[in-house]
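Construct the entire structure; sequences and hints are all you get.
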Amino acid sequence: MTGRSSAVPGLAVALLGAVGIAYQIVLMRMLSIGQWHHFAYMVISVAMLGFGASGALLALFRGRLAGRERTLLWWGALALSTALPASYALSQQVPFEAFELATQPVQMLHLFTLYLILSAPFFLVSTCMTCAFLLAPRSVGALYAWNMAGSGAGALLAVGLLYVAAPSDWPVLGALTGMSAAAWLLLGFDGRAVPVRRPVAGCLVLAPALALLLAAWTPLRLSQYKGLSYVLDFPDAEIVARRFSPLSTVTAVRSGLIRETPGEITAYPMSELGPLPEQIGLFFDAGSVSPIHRFEGDFGAFAFLDYVTGTVAYRLVEAPDTLVIGPGGGTDVWAALYHGARHVTAVEVDPAAAGLVASRFSDFAGGLYQRPDVTLVVAEGRGYLQSHERHYDLIQVPLFGSFTAAASGVHALNESYLYTVEAFRLFYRRLTPGGVFVVTSWLKSPPRDAIKVFATAAEALRREGIDEPGKHLVMIRSLNSATLVVSKAVLTDADVAAVRVFCQARSFDPCYFPGILEEETNRHIELSEGAVYYDAAQALVSDQAEDFYRNYLFYVRPATDARPYFFRFFKWTSLPRLVRGMGVAWAPFVEWGYVALVATILQAGIASAVFILAPLLVLGRAPAARGLKRWVVLYFGLLGLAYMFLEIVFMQRFMLFLAYPVYSVAVVLTSFLFFSGLGSCAAGRLTGHAARNVAVAVAGIAAVAAVYLAVLGPVFDALAGFPDAAKIALSVVGLGPLAFCMGIPFPLGLQAATNRSDALLPWAWGINGCASVLGATLATVSSVHLGFPAVVMLALTCYGLAALAIRPMVRRERPGFGAGANAAVS
Amino acid sequence: MPQHSHVRGAGILAACLLGTWLVWNARAEDTPGFNEARTRMVELDIARTGWAREGVKDERVLKAMRAVLRHEFVPESDRGEAYADRPLPIGHGQTISQPYIVAYMTEMLQLKPEHTVLEIGTGSGYQAAVLAEIVAKVYSIEIVKPLAERAAETLKKQGYETVEVKHGDGYFGWPEHAPFDAIIVTAAASHIPPPLVEQLKPGGRMAIPVGPPLQTQNLILVEKLEDGALRRRSVMPVRFVPLTRSKAEAE
Chain S
1 MTGRSSAVPG LAVALLGAVG IAYQIVLMRM LSIGQWHHFA YMVISVAMLG FGASGALLAL
61 FRGRLAGRER TLLWWGALAL STALPASYAL SQQVPFEAFE LATQPVQMLH LFTLYLILSA
121 PFFLVSTCMT CAFLLAPRSV GALYAWNMAG SGAGALLAVG LLYVAAPSDW PVLGALTGMS
181 AAAWLLLGFD GRAVPVRRPV AGCLVLAPAL ALLLAAWTPL RLSQYKGLSY VLDFPDAEIV
241 ARRFSPLSTV TAVRSGLIRE TPGEITAYPM SELGPLPEQI GLFFDAGSVS PIHRFEGDFG
301 AFAFLDYVTG TVAYRLVEAP DTLVIGPGGG TDVWAALYHG ARHVTAVEVD PAAAGLVASR
361 FSDFAGGLYQ RPDVTLVVAE GRGYLQSHER HYDLIQVPLF GSFTAAASGV HALNESYLYT
421 VEAFRLFYRR LTPGGVFVVT SWLKSPPRDA IKVFATAAEA LRREGIDEPG KHLVMIRSLN
481 SATLVVSKAV LTDADVAAVR VFCQARSFDP CYFPGILEEE TNRHIELSEG AVYYDAAQAL
541 VSDQAEDFYR NYLFYVRPAT DARPYFFRFF KWTSLPRLVR GMGVAWAPFV EWGYVALVAT
601 ILQAGIASAV FILAPLLVLG RAPAARGLKR WVVLYFGLLG LAYMFLEIVF MQRFMLFLAY
661 PVYSVAVVLT SFLFFSGLGS CAAGRLTGHA ARNVAVAVAG IAAVAAVYLA VLGPVFDALA
721 GFPDAAKIAL SVVGLGPLAF CMGIPFPLGL QAATNRSDAL LPWAWGINGC ASVLGATLAT
781 VSSVHLGFPA VVMLALTCYG LAALAIRPMV RRERPGFGAG ANAAVS
Chain V
827 MPQHSHVRGA GILAACLLGT WLVWNARAED TPGFNEARTR MVELDIARTG WAREGVKDER
887 VLKAMRAVLR HEFVPESDRG EAYADRPLPI GHGQTISQPY IVAYMTEMLQ LKPEHTVLEI
947 GTGSGYQAAV LAEIVAKVYS IEIVKPLAER AAETLKKQGY ETVEVKHGDG YFGWPEHAPF
1007 DAIIVTAAAS HIPPPLVEQL KPGGRMAIPV GPPLQTQNLI LVEKLEDGAL RRRSVMPVRF
1067 VPLTRSKAEA E
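So the protein sequences, as listed, match chains S and V.
Residues in the first sequence are numbered from 1 upward in steps of one, following my numbering.
Residues in the second sequence are numbered from 827 upward in steps of one, following my numbering.
It is worth saying that the hints were derived from the structure and are not from the lab.
Note that the structure is a prediction, hence the values are computed from the model and not measured.
By construction, the Cβ of each residue, glycine as well, lies at the ideal position given by its N, Cα and C atoms.
There may be inaccurate statements among the hints.
What the hints assert, rightly or not - Chain S stretches covered by chain V per the calculated footprint, using a threshold of three residues with CB under 8 Å from any CB of chain V:
hint: 1; stretch: 255–268
hint: 2; stretch: 547–561
What the hints assert, rightly or not - Chain V stretches covered by chain S per the calculated footprint, using a threshold of three residues with CB under 8 Å from any CB of chain S:
hint: 3; stretch: 975–981
hint: 4; stretch: 994–1008
hint: 5; stretch: 1021–1028
hint: 6; stretch: 1043–1051
Said to hold, decoys possible - Away from chain V, derived, C-beta distances all over 12 Å, residues of chain S:
hint: 7; residue: Ala216
hint: 8; residue: Ser416
hint: 9; residue: Gln544
hint: 10; residue: Gly627
hint: 11; residue: Val633
hint: 12; residue: Ala706
hint: 13; residue: Val711
Take a look at the structure:
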């Protein structure tokens, strides 16, 4: 068990690499289900904390470690195979409730605890990896290749596993534990002495097994605010099916008390027309719900669908050829059929939901997707429209999320490429000459969603060259929903009359149509604020739009593909007004998702300070070259920020192309890891002045990033129709040049710093770790506020400054320090 | 009946102080202490207009609030806090609403002595008792059977003979006794149940919190006009303060 020359089995390194990536992906899905999607980015930050803390500690104790790498590696791998299931089981005991972050200070502590528990496996992965590289300095290249191959395989495996089980189910956890245990066993049985006696080793095998057993018994803890938690409390609730996809876990629940309607149906004469059809609720990631309706041959059962705002569209088109995006359980498809649609194309992004409606509950749903007048397509809606030239009389854009989720601002950080100006332009272009597209949104108080939908439509029409967008728009509202209709042709007097009649009969209020009078609005559903929707619409179709955006209480500027955060409404400048209007205790509830984001950034800052910076400050030797430390801190801090900025931005950007967030995360993580690794290896072979080499690499990064910014949009459009596998392959390769260049500055800086003083090494590692932890969370807030191009520019600025900061570090060149250790971080 | 909490800023402090004082008091004294606490509650927490909240003015409602023995409707262990202006757990994952909300919703209905009222969500029976102090007849539906039974018993014991409680799904109302002059819903609904609207008399009023469960809801006043047209108005935000509900409790 001694000797730096001892070999390390490549397969073990590959397995460890696979576990590192796969666990990140699985964890993202777990947090999306137990909490909400935007905690997904927290996972990157959690992983960075583990990597950073491990790097800082190993660098600090390098001297004492020498000669014991093999033992540490062996124990590390054992600890990993135990810690992986154990950290899951333990994390589920933390009573974290994101919703209560604003009101209960203890939740910050819970979030912090979660951060720590979840980062433990990443700490161990990184520790093992670094030991492996230290053990075999001469075969770093080969080990590196194993690591990369493992990481790629890990990403694939994680995505594959998510098709067969929920992320918290034992097959997934078991696979991860099994892989780390296999790595550990490989390390123990490679012909060299095992650092413990055989009986002890035998007992140790039990540790991962026991931990896994514990994990398998621990159900995923659902936030009590999630729709599924609530429904499962109904006395007759019963889970009747579960389906998995990397997009979501779909849980089908049967209960007589599930009565989901796409909006208010107050005016529906139920005693005359009958009760709602029986429903099975499909819960997506335990949150938003979409019902499957029982159909027994009588369309009359769907009469209630004529009493929601969304069906105003059917007053404007007759027997339309309809496209329903995101049908979920099929409500919008039934609405179309009820209203005499000639044909319905249902484009469902989630194969799990499609499968449930089309096969498992096909009888219950009356064979909805077997009907000759309905075609089911499993694809992402926007990509499907982009790649098919077909035109429709009516396009139904789905209600985003559930009422539950919408009301709380929980989606504030979700990328939603269906609600951008570019998406609306596409919908418009795919309409027949007399066609309309319809968007229904849930309403919040104070008003914001429907106003942003209206603004997006007005902006899209303007960009389509229409001078008077108001002539193409109708918006009506009920108590809890608003429907916007965008007409390809100028609306006629007959259209307007039909809308008026519909609103009167259903006790709805019009918000806007051509020629609307203020006294027609705010009659049936009185808003204390007055005719807000009417006023907003009037401003948005006129040349006052800009003033309106500036002065409105919320951020209602349309979302674009560069900033696809439709659900971001929070404005810092409005905070005083919000607090005045709603009271201190209420204000956080207005934009809850935002509170969570700020909390995550705070946590990231605290965690990285406590676990990376503090050990450095307490244990670190003062470097010989004192003045140099600040440049090292600056250089590696900037690199960490810049790297994470670009990585996260591309994850967010590629969601449009790859449709599934998990695909995007897996592809970007894998590609960045692989090509940055290649870049790091290449950096080790570079000759010449380090500062110049860094400058060249940074120039390369800038050039490639600029090209991406310019061409990604059109390229995504052009390739939208490609099959998933091709898209994934193209994405991995496409990101290569950028990631390659991004891998170069780190090892060059490390070499430059250690050439001057070994005591600088822990600082380089630690600061880079801290910056990465923070960068991952800061990148999200920056994208939301500034948009992707600005975040890319920010990253490039950081790289530019880093290229300057390395200059004082480079004076005497001394060859030697390998690039290996970088592998674990980049 | 879910737990509501109307946010009322500085009022919270007063309520907490009062609550603490009451715990002390209730242990020390019996009925006279409760009487006094009730009077204070009506004066300080219900009738008074505070920061960001409107005081309840309707004398009939205030009288009813003074008359109903709230401490008889809360679990024995929480009696000391019966007159603090906050919701209290009553088991089965349900709560007795904050007194201010009870009074405010009752006032929204503009009740007259000859009215017949339908209540959805009996819970402890406290709201039904308040209604019964004002109107001729109260029908109340509760979905949790043990709660319905216990509430019926408590109401009977307290002498509220004009209240009829049944166990059932409130969504469909109580068509046998319809139409009603007023309907009060004390559980959050994702939409206004159409059967309830149908069972409302023209000219009738309904108070219902609409919104996602466990989060912020809007307290909605629904008015059915004489011509059958419906007018809805959001009168104030209400919020559930979720209890840590165990599955066993919620059944």
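We went through each hint and held it up to the structure:
1. Counting residues of the stretch 255–268 of chain S whose CB lies closer than 8 Å to any CB of chain V gives 11, which reaches the minimum of 3, so the coverage claim holds.
2. Chain V is given as covering the stretch 547–561 of chain S, and this is violated because 0 residues of the stretch bring a CB closer than 8 Å to a CB of that chain, at least three being needed.
3. Under a criterion of three residues with beta carbons nearer than 8 Å to beta carbons of chain S, the stated coverage of the stretch 975–981 of chain V fails, only 0 such residues being counted.
4. Counting residues of the stretch 994–1008 of chain V whose beta-carbon sits less than 8 Å from any beta-carbon of chain S gives 4, enough to reach three: the coverage restraint holds.
5. Counting residues of the stretch 1021–1028 of chain V whose CB falls under 8 Å from any CB of chain S gives 3; the rule of at least 3 is met.
6. With 3 residues carrying a beta carbon less than 8 Å from a beta carbon of chain S, the stretch 1043–1051 of chain V meets the three-residue requirement, and the given coverage holds.
7. At roughly 20 Å from the closest C-beta of chain V, the C-beta of S/Ala216 stays outside 12 Å, upholding its exclusion from the interface.
8. The beta carbon of S/Ser416 sits about 19 Å from the closest Cβ of chain V, which is more than 12 Å, so the claim that it is off the interface holds.
9. Every Cβ of chain V is farther than 12 Å from the Cβ of S/Gln544; the closest lies at roughly 27 Å, confirming the non-interface assignment.
10. No beta-carbon of chain V is positioned within 12 Å of the beta-carbon of S/Gly627; the least distance is around 54 Å.
11. Interface exclusion of S/Val633 from chain V stands, the closest Cβ pair being 44 Å apart, more than 12 Å.
12. At the 12 Å boundary, the C-beta of S/Ala706 stays outside the reach of chain V, the nearest C-beta of that chain being 44 Å off.
13. For S/Val711, the requirement that its beta carbon stay farther than 12 Å from each beta carbon of chain V is met, with the minimum near 42 Å.
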